[in-house]
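Let chain A serve as the given structure and place chains B and C on it in line with the hints.
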Amino acid sequence: MTTRSNPAESTGARPERQPPGQDWSSWPIYDSASLGFRDHWYPVLWEEQVGRKPVPVTLLGERIALVRQDDRIHALHDRCPHRGVPLSLGRRQFPGTISCPYHGWTYDLTDGKLCGVLTDGPDSPIRGRVSVRTYPVEQRFGLIWVYVGDGEPHPLDDDLPEELRDNTFVLGGRTEIRKGNWRFAAENGFDEGHAKYLHNTALWRLFKVMPAWNKTKVVNRDKWIVRVQEEVHWEAEMPGLGLWTNKRWWKRMPLPDAPGKAKNVNPVIASLDLPGFVSIRLPGILRVAYPNFIHYEWYVPVDEDHVRYVQLMARFETGLKAQAFKLKYLAAVRWLFHGQFTAQDAWMVDVMDAPPEKLYRPDLSITAWRRLVERSSPKVQPTEALDNKR
Amino acid sequence: MTTRSNPAESTGARPERQPPGQDWSSWPIYDSASLGFRDHWYPVLWEEQVGRKPVPVTLLGERIALVRQDDRIHALHDRCPHRGVPLSLGRRQFPGTISCPYHGWTYDLTDGKLCGVLTDGPDSPIRGRVSVRTYPVEQRFGLIWVYVGDGEPHPLDDDLPEELRDNTFVLGGRTEIRKGNWRFAAENGFDEGHAKYLHNTALWRLFKVMPAWNKTKVVNRDKWIVRVQEEVHWEAEMPGLGLWTNKRWWKRMPLPDAPGKAKNVNPVIASLDLPGFVSIRLPGILRVAYPNFIHYEWYVPVDEDHVRYVQLMARFETGLKAQAFKLKYLAAVRWLFHGQFTAQDAWMVDVMDAPPEKLYRPDLSITAWRRLVERSSPKVQPTEALDNKR
Amino acid sequence: MTTRSNPAESTGARPERQPPGQDWSSWPIYDSASLGFRDHWYPVLWEEQVGRKPVPVTLLGERIALVRQDDRIHALHDRCPHRGVPLSLGRRQFPGTISCPYHGWTYDLTDGKLCGVLTDGPDSPIRGRVSVRTYPVEQRFGLIWVYVGDGEPHPLDDDLPEELRDNTFVLGGRTEIRKGNWRFAAENGFDEGHAKYLHNTALWRLFKVMPAWNKTKVVNRDKWIVRVQEEVHWEAEMPGLGLWTNKRWWKRMPLPDAPGKAKNVNPVIASLDLPGFVSIRLPGILRVAYPNFIHYEWYVPVDEDHVRYVQLMARFETGLKAQAFKLKYLAAVRWLFHGQFTAQDAWMVDVMDAPPEKLYRPDLSITAWRRLVERSSPKVQPTEALDNKR
Chain A
1 MTTRSNPAES TGARPERQPP GQDWSSWPIY DSASLGFRDH WYPVLWEEQV
51 GRKPVPVTLL GERIALVRQD DRIHALHDRC PHRGVPLSLG RRQFPGTISC
101 PYHGWTYDLT DGKLCGVLTD GPDSPIRGRV SVRTYPVEQR FGLIWVYVGD
151 GEPHPLDDDL PEELRDNTFV LGGRTEIRKG NWRFAAENGF DEGHAKYLHN
201 TALWRLFKVM PAWNKTKVVN RDKWIVRVQE EVHWEAEMPG LGLWTNKRWW
251 KRMPLPDAPG KAKNVNPVIA SLDLPGFVSI RLPGILRVAY PNFIHYEWYV
301 PVDEDHVRYV QLMARFETGL KAQAFKLKYL AAVRWLFHGQ FTAQDAWMVD
351 VMDAPPEKLY RPDLSITAWR RLVERSSPKV QPTEALDNKR
Chain B
1 MTTRSNPAES TGARPERQPP GQDWSSWPIY DSASLGFRDH WYPVLWEEQV
51 GRKPVPVTLL GERIALVRQD DRIHALHDRC PHRGVPLSLG RRQFPGTISC
101 PYHGWTYDLT DGKLCGVLTD GPDSPIRGRV SVRTYPVEQR FGLIWVYVGD
151 GEPHPLDDDL PEELRDNTFV LGGRTEIRKG NWRFAAENGF DEGHAKYLHN
201 TALWRLFKVM PAWNKTKVVN RDKWIVRVQE EVHWEAEMPG LGLWTNKRWW
251 KRMPLPDAPG KAKNVNPVIA SLDLPGFVSI RLPGILRVAY PNFIHYEWYV
301 PVDEDHVRYV QLMARFETGL KAQAFKLKYL AAVRWLFHGQ FTAQDAWMVD
351 VMDAPPEKLY RPDLSITAWR RLVERSSPKV QPTEALDNKR
Chain C
1 MTTRSNPAES TGARPERQPP GQDWSSWPIY DSASLGFRDH WYPVLWEEQV
51 GRKPVPVTLL GERIALVRQD DRIHALHDRC PHRGVPLSLG RRQFPGTISC
101 PYHGWTYDLT DGKLCGVLTD GPDSPIRGRV SVRTYPVEQR FGLIWVYVGD
151 GEPHPLDDDL PEELRDNTFV LGGRTEIRKG NWRFAAENGF DEGHAKYLHN
201 TALWRLFKVM PAWNKTKVVN RDKWIVRVQE EVHWEAEMPG LGLWTNKRWW
251 KRMPLPDAPG KAKNVNPVIA SLDLPGFVSI RLPGILRVAY PNFIHYEWYV
301 PVDEDHVRYV QLMARFETGL KAQAFKLKYL AAVRWLFHGQ FTAQDAWMVD
351 VMDAPPEKLY RPDLSITAWR RLVERSSPKV QPTEALDNKR
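Residue numbers (full-length UniProt numbering), protein chains in the order written: chain A, 1 to 390; chain B, 1 to 390; chain C, 1 to 390.
Chain A with its partners taken away, still in its complex shape (with noise of 0.2 angstroms):
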């Protein structure tokens, strides 16, 4: 099997026949950014979530109270400044507002304001001279995306692949709060070596061969690295050992790798022009590009040891197509893939334990994310953000 891949995109040399180091110091920016980066647009919840009351939820370390004021949400510092109590136990006393329980010091949901001390009555000399962070919000899919970064965020359209801006779809999705670090997650996302040995017993692959091993390379596509077959191999005789192989007879193999070369390719999807099915980007988006739909996996980093874990599935198509998709969803793909299939990748990212490490010929896939950080020099989350109280 070959690539269309440009070789001046790749990302570097073949595999090294020596292991690389067995900690994390040759990417110091990713070996830092246990929080993940500054300014960029995380997806956190579906807009159903929040309703009047308000709902805490913790972004890269940070503490924030989500808020609806009729169609909008929006978000602030779930911390009053006066003693240190959760906005997100408040009530809302007054349209546009929220309360702080203990003494009603009253904050603009726009601006994060004191706009009212209900205690201190109306000439209270605190009064707009008090402000908790606010956090821009967008409400985009049914999702609630917030922007964790200084100044003016960047349109979230600059945060979300390309193909979801312009085009109709329909989506299905998932997310949950899993433990392990981010980067545990991400790295498994990539990981071109697992899912052959992890995932051979999932129900989602029951029908379907994977490969026993393959060779890799990772290209350059845009914002994007891709990883490419260069060979892929379905079984193999392992010396000493045995026959390794995914192969059984009821089992049936699987479509090309790279999407494009499938026949009935949806039009959107064979337009990416992809040389393999999976990619990756800042700060934390998985692409996993069928024929027919495309898999996505957002890694929002919760504190050190969660990840706020954002599944979606998405299908190109409008009206019967669509509404389709939209069954096949809710009556398997949920359950089997968003459920099952990566229900072990979060058994796996709970457990895992590195640095230390000892990366093997696949992982360029994991080492090209890293390196891949590091020439973006994103602006890392510093640890000191973390909110004590969660």
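A portion of the hints provided could be inaccurate.
[As the list claims (entries may be wrong)] Below are the DSS-like pairs computed for lysine-lysine, each with C-alpha atoms no more than 25 angstroms apart in a straight line: (1) Lys208/C x Lys328/C; (2) Lys215/C x Lys179/C; (3) Lys113/B x Lys215/C; (4) Lys113/A x Lys215/B; (5) Lys215/A x Lys261/A; (6) Lys261/B x Lys223/B; (7) Lys263/B x Lys251/B; (8) Lys113/C x Lys208/C; (9) Lys113/C x Lys215/A.
Hints listed in this document are in silico derivations from the structure and should not be mistaken for laboratory results.
Okay, now just chains B and C, sitting in the frame of chain A:
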């Protein structure tokens, strides 16, 4: 509304227009007193809670075993000096003593001396050469009071509200351990601001209006400081928000805030001549005086994150009136006031998280309390006093 | 009561009149040995507890996966060097190997070598270049013994009580993990003082008197030290307290404490010629010899706060007598002695909290044990050996 307080007694200027600094460095003694103050008497349990079996408590970080011998309660450091086993796990082998369950080291309850070492015979050389620390204990109002301090204790009376010394009264009360540092509990107790907002949903206030906001000052009264209302506002038109009031058609207006001003004041309470109904003193005693009864709270430090919350309610009557009060206490006050009402306080004391903080006008009550601590120069319990196992 | 011990063998002077210092600085090796000693064999589980599925254990702070292949048990460091996933979560993909569940790194059970990397093909460059640490394993008495140490292990026999090497016997036993450091468990085992008090409520002693107090010395016997009674007192008039005794009308007096002095002594036990019935040796083995059976305890360090407590009881008989013992063990000894009796010890080992400590006359048994450790100069397991995830 004006006040009877002597201006010379006032704790000082009107509240600053500028909020004070955000940390507690202006109150260095207070800032370091996370375990409270030595050389004071503290209420810990009801007498009937300690029977023949020793009971462990933690007080100002020190682990203490309470042991009953006939009608007297004794308090010993809850750690056998031999191998560190808690004496509260021990046996009552011989009258007037407690024996460590491990090797039968036997201590005299009155002075803590090792008066017998069962497993080392009558001539044990270590007998009489080791002792455990004992704590002075008093029994008053059905409560067990323990003195944590050095040298001879002052009389318990010195640490009691003066009206509880020579008068006749009936009591109802509750004691429990709550989350949060004792200082948050004390500040919450004397806090001018929060009741009007936090407690306006309390059943206890279902039929009584609370003010919308007040102007307050704080004056000195012997060992106490007293909150005095200079203005009481029952409703306020908050700019940009709307009307803020607690008035409802079914609620009646409360009595004047200075208990002496009401009609039919109980003579004992009238004799206190209090300029306001809420006062506080060291080492952390709150007094809320109504015309016919007084509610007290003791904020007894357990460790840095827990406070023993002792609530008493006293009515200075005898005979039928006293019996009626007891009934009323058990039927209503215990559940509505000492229960649901102060559970709202417990909630805030738990979630509070300061410093940093930004104080507002009504917080002059809190800063007056902190200043009272500073100028009283109490002996701070060092954090090293914290016994590592509880 | 006198003793047969040779004074030249004694561990030294009679107990000091002055209690020794309160910390452990006199025993620096012991003081640093919170994780025990390397270069020894330790019992961990019963053979039948390890089947085809790997079993994780922690030993001296090291995480170990036990894996069965046919009749043999193998022990490997429970961490795949690739990304730190526990091998005990792995699959038995090929005979004689274990495969990490994540990427199928496959290790030879006998030498820990990476003998196959399923997801990297037959020519994986890393194959044979990585290995996981393996531990020598022996199976004896139905137990799995693991050697934690460096270099070639000495024979398991060297770490067994000598009478268990060449004689025939039947065994009953129990193994469990208990709270508390292994040194507290060992000290509790050889402790002269506590049994007379702590255990005088044990059902096991319901019909047997225990002494009130003893005078004891400690003598050396090869690798062991032995507690020898110089005086045994069955009752004592404690000054100021009263009579202290375990005698009751329904209890019978026990056998002489030196097992060789009883009538009808089992010949194997008689041949040990023990001057007292309790002895201890490195790395933490207790032997309690009765005329007809011997009870053993191994205090196997797990981590700094947990000890694997292995109790064995041996009767040196064959045929019907052996069968009768097995029945008696299952019907009574297991519940009364290895159960309720030593559960009292477990309770104390858990709540013990030393240093600081103040030792008394009978603690010469404990200090003799600590001195035995010092003069044996065992290799201390460094606390850095503690694997951070268990």
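Cross-check of the supplied hints:
| no. | hint | verdict |
| --- | --- | --- |
| 1 | Lys208/C x Lys328/C | holds, 18 angstroms |
| 2 | Lys215/C x Lys179/C | violated, 31 angstroms |
| 3 | Lys113/B x Lys215/C | holds, 24 angstroms |
| 4 | Lys113/A x Lys215/B | holds, 24 angstroms |
| 5 | Lys215/A x Lys261/A | holds, 18 angstroms |
| 6 | Lys261/B x Lys223/B | holds, 22 angstroms |
| 7 | Lys263/B x Lys251/B | holds, 20 angstroms |
| 8 | Lys113/C x Lys208/C | violated, 57 angstroms |
| 9 | Lys113/C x Lys215/A | holds, 23 angstroms |
Against the hints set out earlier in the document, violations occur for numbers 2, 8.
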